[in-house]
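Number of protein chains: 4
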Amino acid sequence: MDGTMSGEPSHGIVSGRGIGDAGGAVNETRIRVRYAETDQMGVVYHSNHFIWFEVGRVELLRQLGFSYKEMETNDDCFIAVVDARCRYKAPVHYDDEVLVRTFLKHVREKVIHFGYELRSAEGGRLLAEGETTHIVADARMKPRKLPEKYMKVFRGAVGK
Amino acid sequence: MDGTMSGEPSHGIVSGRGIGDAGGAVNETRIRVRYAETDQMGVVYHSNHFIWFEVGRVELLRQLGFSYKEMETNDDCFIAVVDARCRYKAPVHYDDEVLVRTFLKHVREKVIHFGYELRSAEGGRLLAEGETTHIVADARMKPRKLPEKYMKVFRGAVGK
Amino acid sequence: MDGTMSGEPSHGIVSGRGIGDAGGAVNETRIRVRYAETDQMGVVYHSNHFIWFEVGRVELLRQLGFSYKEMETNDDCFIAVVDARCRYKAPVHYDDEVLVRTFLKHVREKVIHFGYELRSAEGGRLLAEGETTHIVADARMKPRKLPEKYMKVFRGAVGK
Amino acid sequence: MDGTMSGEPSHGIVSGRGIGDAGGAVNETRIRVRYAETDQMGVVYHSNHFIWFEVGRVELLRQLGFSYKEMETNDDCFIAVVDARCRYKAPVHYDDEVLVRTFLKHVREKVIHFGYELRSAEGGRLLAEGETTHIVADARMKPRKLPEKYMKVFRGAVGK
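Protein chains in written order, with this note's numbering: chain W, 50 to 209; chain F, 50 to 209; chain Y, 50 to 209; chain R, 50 to 209.
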């Protein structure tokens, strides 16, 4: 595997396996735990899980055909976090490969709700699960509607 | 003491004001937002709130007479996060002073539940609120009971 | 001292003590090491020193009467890093108080050169020393001259 | 490209191209810039480059047949940073792919010197270059010699 991409998603539309059930799109992205992400307890510091959720979110968008960068730049569409939660199931260690599984839970014109699972890439052990809720805003942080081109695809990607 | 302390709490036992009501201990610590904590949206990136919660947690312990460092080193007592949540109420900006208000919500022998409010130091506007749940563990991450010297004080510090 | 400021400088113009000699302005800011800043080696991860340098830089500007926030917002003046170096002399541990000593090494119209010392707040042991070089740029990252109101003060603050 | 690895190196021994000349081993690892790594200037905050250097370092070791994790765990061998420097040549933006090129500059029994280039994965533009110097230490941060099995390989990997 030559020159593979850090942060590159698996691009597989995967259903079932406990999340994103009944046909919803699920993005699977692998990340390698960095030394900087550990703390003196010898495990990953807990705020990093939220950064990995964001990596998963961006890759799910890419899988659906969108670039979050262009959403901001071209469509003045920002996805601002209003609620974030993580339940930690098992410690994550340095140099581990972590599978970030991201899916859409609900989509409305002004609110998007993502779900996440972190699993050990080797063995599939559940490491954490979480959710984030986002409002759609413009560059001045004023709420706005999600443009229809996104809504259409997002609605189709939500698990039923 | 010239050269005031970054991360130094106000050491005030404050009750009411919406949290930690009815006599519980509340720690108030001020932090100054660092440039590194902002993102390209021009506001603080949302995972940093959890780092500030941890700063508040440590300072609440210090206010109660304990050093978290010594809890780990001397008493083999680690406070591992099992659940963390934040609700974001208003964007936080570079160089803002943020008041981190931390209090104990529940304490049992093996589980500790903290609550938090982030407020603008100037004006008191609510910026975020959150909770974290922790289990008590030893250095090998094996669950254990909180030693009685902590339990005694923690029970007294919980808001009724 | 009630409600002290995290990241608040000591506001003392201090000369000598090895740096900023011969009358230059030196800012001394104390920071408390956060758990998130440690790694599994049990010490502060080395990239955090550069974040502390930035805290010191901002507080030195404040001591000189300027807000870096306003430099950006009001004067379209950004201080972009072009070179950064740190020499690590001793490990820094969780919950330690670190004294960040920041001073101006050279100032030209388009280039600013800062120097730093990190010392243990208790005992004064040298923990690290470093330098950063910055170019003055506008919001589009185009090089520009530092406005005269800053130049005048900065020139006076450089150690001879 | 199914299930590719974030932080996975290209595993290519590459010579020339300005660094690692004359036959030294060069690791090329791609990383995708995370939102969390940007700041309000709209570019990557400068301390993150040092985290990417560390990613490159670990992947160069892996390319040479070693796991840094096992160096720590099995051989009580820590590579502690004593000097780190980065020269920033061009701003790095959110969602960019960055090629981290890492090579060994010098190796002695107790000191290892790495060099780095960050290049735009698309187009190859030089974004930054840097060096880090490390001493070999045991878990208590006491200097020690690098075990011969590493020395042998490292000596062969240094560019002449």
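If you are wondering where the hints come from, they were derived from the structure by calculation, not from laboratory data. One or more hints might be untrue.
Derived contacts from chain Y toward chain R, CB cut-off under 8 Å, selection only [claimed, not checked]:
1) Met90
2) Ile100
3) Gly114
4) Phe115
5) Asn123
6) Cys126
7) Val130
8) Val131
9) Ala133
10) Arg136
Nothing here was measured: the structure is a model prediction, and the numbers come from that model. For glycine and all other residues, C-beta sits at the position ideal for the given N, C-alpha and C.
Review point. Which earlier hints can't be squared with this structure?
Key: 3, 4, 5 and 6
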